[in-house]
Amino acid sequence: MSQSRECVYLLVAPPSRSVVACYRHLAACVGGSMDSLQLRDELRQMRQKAQNLATALCHHLTGHLRDKSLPEEQRKEMELLWVAFSSSLELLHVDICKVLKISSNFSLANSASLVQTGVQGGGSEVAARALSLPDLNQTQARILPPSLETEEHSTMEREIAQIDHMIDDMEMKVNVLRWTVEPHGPQYADPLSSTDSASLALVSVVEEQPGPRLQPLCQRSHVFVLLLLFAVILVAVTLSVCVSLFS
Amino acid sequence: MQAASLNLLSKHLVGMVTPTSRPLLLLHIFIFPFQAEMILLEMQDPNTGVRSQPQRLVITTIPHAITGEDIVTWLADRLQIDVQEARSFGSMLVALGYIYPLQDHKRLVIKPDTSLYRFQTPYFWPTQQWPVEDTDYAIYLAKRNIRKKGLLELYEQEQYNRLHKWMNHKWDFIVMQAKEQYRAAKERKKPDRVVFDCQERAYWVVHRPPPGTVSAMDYGLDRRTDPNADETQTSDYYERIMIFTQQAIMRPRVKSSVSIGALVKHCATYIGHDPFLSACLPSNPWLTDDTTYWNLNMSNVETPTKMRVERWTFSFKELLSDPRGRDDFRLFLKKEFSGENLAFWEGCEDLKWGTAATMKEKAEQIYKTFLARGAPRWINIDGKTMEVTMKGLKHPHRYVLDAAQTHIYMLMKKDSYGRYLKSPVFKDTVKKAIRPEEHKFNDAQLEQNARNRRPSLSPIILRQQEQELRAKMAANAPVDITQLCRFTTPVPHFSVYSGIIDPPSSNTSPSLPFLPHTPICPSPISVALDSTSASERRLEASEGEGEQNTEARVPDRGNVSKSRVALSLRRLLKRGCSPSAMFASLSPKCHTAAATSSRIQPITPDEPSQAPPRRTGNFFQIKVDIPPECRIYPIESEDEEEENRLASEEVVGTEEIICPWESLTQQNGTG
Numbered sequence: 001m002s003q004s005r006e007c008v009y010l011l012v013a014p015p016s017r018s019v020v021a022c023y024r025h026l027a028a029c030v031g032g033s034m035d036s037l038q039l040r041d042e043l044r045q046m047r048q049k050a051q052n053l054a055t056a057l058c059h060h061l062t063g064h065l066r067d068k069s070l071p072e073e074q075r076k077e078m079e080l081l082w083v084a085f086s087s088s089l090e091l092l093h094v095d096i097c098k099v100l101k102i103s104s105n106f107s108l109a110n111s112a113s114l115v116q117t118g119v120q121g122g123g124s125e126v127a128a129r130a131l132s133l134p135d136l137n138q139t140q141a142r143i144l145p146p147s148l149e150t151e152e153h154s155t156m157e158r159e160i161a162q163i164d165h166m167i168d169d170m171e172m173k174v175n176v177l178r179w180t181v182e183p184h185g186p187q188y189a190d191p192l193s194s195t196d197s198a199s200l201a202l203v204s205v206v207e208e209q210p211g212p213r214l215q216p217l218c219q220r221s222h223v224f225v226l227l228l229l230f231a232v233i234l235v236a237v238t239l240s241v242c243v244s245l246f247s
Numbered sequence: 001m002q003a004a005s006l007n008l009l010s011k012h013l014v015g016m017v018t019p020t021s022r023p024l025l026l027l028h029i030f031i032f033p034f035q036a037e038m039i040l041l042e043m044q045d046p047n048t049g050v051r052s053q054p055q056r057l058v059i060t061t062i063p064h065a066i067t068g069e070d071i072v073t074w075l076a077d078r079l080q081i082d083v084q085e086a087r088s089f090g091s092m093l094v095a096l097g098y099i100y101p102l103q104d105h106k107r108l109v110i111k112p113d114t115s116l117y118r119f120q121t122p123y124f125w126p127t128q129q130w131p132v133e134d135t136d137y138a139i140y141l142a143k144r145n146i147r148k149k150g151l152l153e154l155y156e157q158e159q160y161n162r163l164h165k166w167m168n169h170k171w172d173f174i175v176m177q178a179k180e181q182y183r184a185a186k187e188r189k190k191p192d193r194v195v196f197d198c199q200e201r202a203y204w205v206v207h208r209p210p211p212g213t214v215s216a217m218d219y220g221l222d223r224r225t226d227p228n229a230d231e232t233q234t235s236d237y238y239e240r241i242m243i244f245t246q247q248a249i250m251r252p253r254v255k256s257s258v259s260i261g262a263l264v265k266h267c268a269t270y271i272g273h274d275p276f277l278s279a280c281l282p283s284n285p286w287l288t289d290d291t292t293y294w295n296l297n298m299s300n301v302e303t304p305t306k307m308r309v310e311r312w313t314f315s316f317k318e319l320l321s322d323p324r325g326r327d328d329f330r331l332f333l334k335k336e337f338s339g340e341n342l343a344f345w346e347g348c349e350d351l352k353w354g355t356a357a358t359m360k361e362k363a364e365q366i367y368k369t370f371l372a373r374g375a376p377r378w379i380n381i382d383g384k385t386m387e388v389t390m391k392g393l394k395h396p397h398r399y400v401l402d403a404a405q406t407h408i409y410m411l412m413k414k415d416s417y418g419r420y421l422k423s424p425v426f427k428d429t430v431k432k433a434i435r436p437e438e439h440k441f442n443d444a445q446l447e448q449n450a451r452n453r454r455p456s457l458s459p460i461i462l463r464q465q466e467q468e469l470r471a472k473m474a475a476n477a478p479v480d481i482t483q484l485c486r487f488t489t490p491v492p493h494f495s496v497y498s499g500i501i502d503p504p505s506s507n508t509s510p511s512l513p514f515l516p517h518t519p520i521c522p523s524p525i526s527v528a529l530d531s532t533s534a535s536e537r538r539l540e541a542s543e544g545e546g547e548q549n550t551e552a553r554v555p556d557r558g559n560v561s562k563s564r565v566a567l568s569l570r571r572l573l574k575r576g577c578s579p580s581a582m583f584a585s586l587s588p589k590c591h592t593a594a595a596t597s598s599r600i601q602p603i604t605p606d607e608p609s610q611a612p613p614r615r616t617g618n619f620f621q622i623k624v625d626i627p628p629e630c631r632i633y634p635i636e637s638e639d640e641e642e643e644n645r646l647a648s649e650e651v652v653g654t655e656e657i658i659c660p661w662e663s664l665t666q667q668n669g670t671g
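Chains as they are written, first to last, in full-length UniProt numbering: chain F, 1 to 247; chain A, 1 to 671.
Since the hints were made in silico from the structure, they are not lab data. Treat the hints with care, since some could be wrong.
[As the list claims (entries may be wrong)] Pairwise CB distance ranges, derived in the manner of DEER restraints:
1. A:L154 <-> F:W179: 48 to 56 Å
2. A:R162 <-> F:G185: 37 to 45 Å
3. F:E171 <-> A:D134: 14 to 22 Å
4. F:R178 <-> A:D113: 30 to 38 Å
5. F:W179 <-> A:D113: 29 to 37 Å
6. A:T406 <-> F:R178: 40 to 48 Å
[What the hints assert, rightly or not] Pairs of lysine-lysine residues, derived as DSS-like cross-links and limited to a Cα-Cα distance of at most 25 Å, are as follows:
7. F:K76 <-> A:K265
8. A:K317 <-> A:K265
9. A:K189 <-> A:K148
10. F:K49 <-> A:K440
11. F:K76 <-> A:K186
12. A:K186 <-> F:K49
[Unchecked claim] Stretch-level coverage of chain A by chain F, calculated; a stretch enters the list once three of its residues show a Cβ under 8 Å from a Cβ in chain F:
13. 235-241
14. 346-353
Owing to the predicted nature of the structure, the values given are computational and were not obtained by experimental measurement. Think of the CB as a built atom: it goes at the ideal place given N, C-alpha and C, for glycine as much as any other residue.
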C-alpha cells in the first residue's frame, strides 16, 4: 500500500500540478493575439491529460481514504493530498469554464477581433512541459471548419460536467475535515535557487518606472561596455607589447 | 448592421457617461461590461482601432502598446464626444481593467500624453460570472514573493499573512502551485513572460487595490438575487405587482408644486450649512485633519458658533436636537418659569428610547411629576389628551405618553419658540457667538496635520461625562415654581426629568424649610422675605413645629424630615398667616409672570369660590417632594378636615403614592 502511495506522490501528483499550472498560462492567451488553432489544440490535449490524471488520482485517493485501517500519519498525508487535489480540480474547472466562454466569444475565424495583447510567441513550450513531450508536432495553420469548433465546445462542456461530477463524488464519498489538515510546507515559498538573472533583471525593470529608471541602467550598461572595451584594448596592447618584446 | 447596432450602443453609452467623478462610475458597473467589451474590440482592431506602437524595454521590444492621447482622440472621434468625456470614459475602461497602464501601474487613469497602455487579455477581463478567488490571489502573492525574494509591499504582506491564516489547509497546494506556475512561466520567451506578469499584476491591482485607492469594483453588498436577471413570471410575481400597484393608488399624494417648493425651500435654507456644498468654517476636519470644527461644535461648549445659532432659527426641531440649543432654550424657559414643558418632553423622550426594564418606573415617575393632579411640575394639556394618557397609563408601554408629548411639543413650538427667538437670552447668545476664521493650510501643514492625527475621546468616556454633567445639573437645579403644596423639600431622584433640583443638603435642616431655598429661589420669594417681617414669625413658627413633630415621627421612614416639613407647612397654611399674606402681596408681580407664560396652573387665580390665601399659593411653585404617605391633591380641594385626617393617617400608616393603574379606589377616596 505504501508503494502505491509513493506512486501517487511521485508520478501522478506533480504532473497534475504542472498540467494545471500550464493550463492557466495557456488559458491566458486564449482570445489574445496569439490565439491560434495550435493553441486550442494544445489546450485540448492538456485537458485530456488532466482528465486522465485526475481520474487516476481520484480513484487512488478515494480508495485509500475510505480504507478504515489506514494508520494515522498516512491518513494525514492522504488528507493533505486530498485537499491539494480537490483545490487543483477546482482551479482546473474554473479555467476550463473560462476558456469555453472566451473561445465561444472569440472565434478563430475572425482573426481581427482577437485582442492585441502583446504576446508574440505561442504557448508551445509550456504545453510541451505540461504534456512532458520533448516537442510537439507543429500543426500547420489551417482554416478551422465551423463544425469542429462547435464539436470542441460540446467536448469542453462534457469535460466540465465530468470534472463537476468528480468533485461532487469526492465530496460525497470521503469526508475530509479541512480544518484538521495541517500543511507541511513553510509559509513562504523559498526563492528558487536556479533563478534566471537576466529574466529577473528584465522583469524588475518592468516593475519599476521604466522611464526614469532606464536612464541609469543605460548609463550603467554603457559604462560596462566601455570598461570591457578598455579591458580588451589593454589586453591587446599588452599582447602586442609582449610579442614585440619577444620577437 | 453590426455597425449600426454599435452606433446605437455608442449613443446609448454617451448618454450614460458623464464627465464627473468616480461615484457615478460605480453605477454603470452592472450594465457596462458588455458594451465596454464591444467598444474595446473595436479599439483593438489593427486596421480601424487605436494606433499601436512597440514598447521598447532594455533587452527587447514588445508590440501592441498604445499611448493615452491616442486612446482619448480615438474615443472622442468614434463616439462623437468631447475630449473631457473621452478622457473619463477611457479612465473608466482602465479602472475596470480592460486596459492597463504600463508605467505607474497603480494609478488606474488615462493620462492624455505619451504614457503607454496595453489591452488586457480576455482571460483577465472583469466579468460578473467568475468571482475573484482568494486562492488565485494567494498563488499570485506567493509567486510574487518568490520573484521578489520576500520583498512584498506592506499591504501585500498583510494580505499574504491573512490568507495564510484563513487558507491554511490549502497552503501546501498554493505554494506548490505558485512554484509550478513560476517554472512554467520560465519556459516562455522573455517578452511573453514580461507581458504575462504585467497582465497578472494589472488584474490584481484592479481586484485587490492597494489601500487608499478607489476601486471601481466596489459594488456594495452581495445580494440574494441578481437584479439584472430575468424573473420568472409566476403567479406570485403578478400578485406582488398587484399589491404594489394597489398600495401605490392608496398612497396620499402631494401636489408636485408643493413638494418641489418645500424641497427648494429646504435646499435654499440649508445650502450654507452643507459642508459639501459650501465652505465649512474653519475647515473640514475630514479634508484637513484639523479638528477645530468639532471642538467648536461640541455639545457642552460655552459659546456656540454663528452658524450653529443660525441653524436654531430654522425650526424648533433644529433647536431641540442640538444639545447646546436645548440648553439655551432651557435657560430661557427657566426665566419664564415654564421649564416643566421641556422637562416633560425630555422625560417622554427618555421613556421612548430607554431600556424596556426601566419603562414602567419611568412612566410612573413622569406621571407623578408632571401629570397627576397636584403634581409638582404640572403640565397643561387639554382634557381629552389627558384622558387618553390616563387610560394608556393603566398599561404603560413605550409610546403611552406620545399624545401628551406631541401636545406639549406643539405648545412649545407655537408659543415659547417664537418668544425665545425674540428674548434677551437668545439675543445674548447670538451676540456672543463666534465666527471662526477659515484655515488656509499649505501642503506641508496638511501633511503635518495628517501626521498629528489623534483619536478622539472614546464614546464610553463621552457618555460618562454626559451622565456626570446631568447629575451635576440635577444637583444644583434652580427651583422650578410649581404648585405650592404642603411639601417643600425637593427630591433628588426627580433630577432625571427636570435636570434641576435643590441640593439634598436641605434635608439636613428640616427646621428651617425655607431658608436653604432662599438663595436659590427666584427673587419673588426673597423679596417677600425682605419686605415683610413675617419671615421671623414664619421661622419661629416652623421651629416650633419642628419640635412638635418629633413625637409624630414615624421611626422607620427614611424621609422623616420631609414629613416634618410637610406638617410644619401645613400648620402655617392653616394659620393663614403671613406667608399667605406675603404671597398675596406678591401676587400682582407673579400674576404678570404667570400670565406671560403659558403654563398656567390648573387653578387659576380667578376662581372666586375658594379662599384666597390658599389659592395664592398657586403662583408660587416650589418644587417639592411628594412624601410617599400622602396623596397628591390639587390645593383647591384641601380642607381643614382633610388635613387633620391626613395628619392622623400619617401617624398611623404610610402608603405609596397612588398611580392610577395601581389602584383606582384610593385615588378618588379623598378627592
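Taking the hints in turn, this is what the structure says about them:
1. A:L154 <-> F:W179: 48 to 56 Å: Violated - the Cβ-Cβ distance for A:L154 and F:W179, about 29 Å, lies outside 48 to 56 Å.
2. A:R162 <-> F:G185: 37 to 45 Å: Because 18 Å falls outside the window, the suggested range is violated.
3. F:E171 <-> A:D134: 14 to 22 Å: Given about 20 Å between the Cβ atoms, the range holds.
4. F:R178 <-> A:D113: 30 to 38 Å: 51 Å, violated
5. F:W179 <-> A:D113: 29 to 37 Å: At 52 Å between Cβs, range violated.
6. A:T406 <-> F:R178: 40 to 48 Å: Given range 40 to 48 Å: violated, Cβ gap about 59 Å.
7. F:K76 <-> A:K265: Judged against 25 Å, a Cα distance of about 72 Å means the pair is violated.
8. A:K317 <-> A:K265: 16 Å, holds
9. A:K189 <-> A:K148: 20 Å, holds
10. F:K49 <-> A:K440: Distance ~68 Å between F:K49 and A:K440 Cα, so the pair is violated.
11. F:K76 <-> A:K186: Not OK: F:K76 and A:K186 at ~33 Å, beyond 25 Å, violated.
12. A:K186 <-> F:K49: 22 Å, holds
13. 235-241: The restraint on the region 235-241 of chain A is violated, since only 0 of its residues have a Cβ under 8 Å from chain F and three are required.
14. 346-353: violated (count 0)
Hints 1, 2, 4, 5, 6, 7, 10, 11, 13 and 14, counting from the list given before, are not met by this structure.
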